[in-house]
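A.B. asks: Single-letter residue listing:
Number of protein chains: 2
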Amino acid sequence: MQSSVRTEFHRLPKRGSHDPATIHAILDAGFLAHVGFVVEGQPFVIPTLFGREGDSLYLHGSAASRMLHQLEGGAPACVNVTLVDGLVLARSAFHHSMNYRSVMAFGTARIIEDPERKTRALRVISEHVIAGRWEAVRAPYEKELKATAVLEFTIEEASAKVRTGGPLDDEEDYALPVWAGVLPLRLTTGAPVPDARLAAGAEPPEHVLQYRSASEPRP
Amino acid sequence: MQSSVRTEFHRLPKRGSHDPATIHAILDAGFLAHVGFVVEGQPFVIPTLFGREGDSLYLHGSAASRMLHQLEGGAPACVNVTLVDGLVLARSAFHHSMNYRSVMAFGTARIIEDPERKTRALRVISEHVIAGRWEAVRAPYEKELKATAVLEFTIEEASAKVRTGGPLDDEEDYALPVWAGVLPLRLTTGAPVPDARLAAGAEPPEHVLQYRSASEPRP
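Residue numbers (our numbering), protein chains in the order written: chain A, 985 to 1203; chain B, 985 to 1203.
Derived by calculation from the structure, the hints in this document are not laboratory data.
The beta carbon of each residue, even a glycine, is placed where N, CA and C say it ideally should be.
Hints should not be assumed to be uniformly reliable.
Covered by chain B, according to a simulated footprint, are these stretches of chain A (three or more residues, beta-carbon under 8 Å) [as the list claims (entries may be wrong)]:
1. 1005-1012
2. 1050-1057
3. 1082-1096
4. 1166-1177
Below, in silico cross-link-like pairs of lysine-lysine (BS3-like), each with a Cα-Cα straight-line distance of 30 Å or less [unchecked claim]:
5. Lys1145(A) / Lys1127(B)
6. Lys1145(B) / Lys1127(A)
7. Lys1130(A) / Lys1145(B)
8. Lys1145(A) / Lys1130(B)
9. Lys1145(A) / Lys1145(B)
Reference listing, derived: stretches of chain A covered by chain B, where coverage requires no fewer than 3 residues with Cβ under 8 Å from a Cβ of chain B [unchecked claim]:
10. 1026-1035
11. 1116-1124
12. 1155-1163
Model the full structure from these sequences, guided by the hints.
C.D. replies: See the structure below:
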């Protein structure tokens, strides 16, 4: 991964990183990407699930997807993955902030046509979103593969931004009688909701019961 | 709000809506927007907090922010707000999905120069993110207002997409011995973490203790 004017840090450089391990860890902790692309000068931002392998992000959707058609020809794209970790509540309005981990990646995508590579990429996405699921379910039929477009987005450049910790107030404001601190936020799971037509006696498997959103802040 | 080729639904139109009430409800349930814009043909996607008032979204940041400088001149922008409600686990890999609420809004932004309007917009953002906070903290100084850029993004067109409910499997797959259903996901708060320099005896106020992420799925 390279760095250029697209990923230079203009402000607060201490929050920024080009370290591949940091970038990969954030991408692996998320499963929802916001993909930006341009059609005749108009920017579009579309949310989509993804999987990561090395510096490749796999995206998938209907073979009729407008986003995938726009991207598959190698148009410039930007992928953002952001995890919210908490609201930073300061003593002054000005110093309020958010704790987060975010990656902005630039690159281009190519469509994967080969059925074997396509299936493998779909497996990467599936395991990225919920590990253990792929082996438990019916694999794609050929006609389902044909109805699915799978793209490999190759990261050319990326940067990470991370904010952690409490508020940083003006020195004179510490005397104010205002509660300040962090309100942690994280994506958590509720109890699994069985499908109405579930076979009698079927219990949620370990990969569902043990699922922990990877976006939970690291201890 | 209008509808055009930018916001037409190409697939699964039953998931889509141009209803302003639906769009506003999703925007109000979120606090993080992904803003897309174009610089010399290159798309950028940047996450940012926002507040809503009517068909205006207020964005703010450092007066030195690259994103805000790009947008303030009225360049075409796309704002996406997406809330994740659950993983939809089907009996086949192909029918896996996600429950979500998402708004894609197109429009342009203008910088707010007037200090009174600027302060009011900052208050809208603050109350959107955590209601009750603004009154509890020190208001912005003039120099802080000057160091902050506030933009009003006017929604020209928007569309909402919502998926709810369980998996929709192929009829012959319902006999498979696979657990299927929904794994609910939501953004939840942890216990407030007091700042290390908090005045002795200061307790978290109601607006912190009672905070519920608006992104929680409606009952």
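A.B. asks: Need the list of violated hint numbers for this structure, in ascending order.
C.D. replies: Failing hints, ascending: 1, 2.
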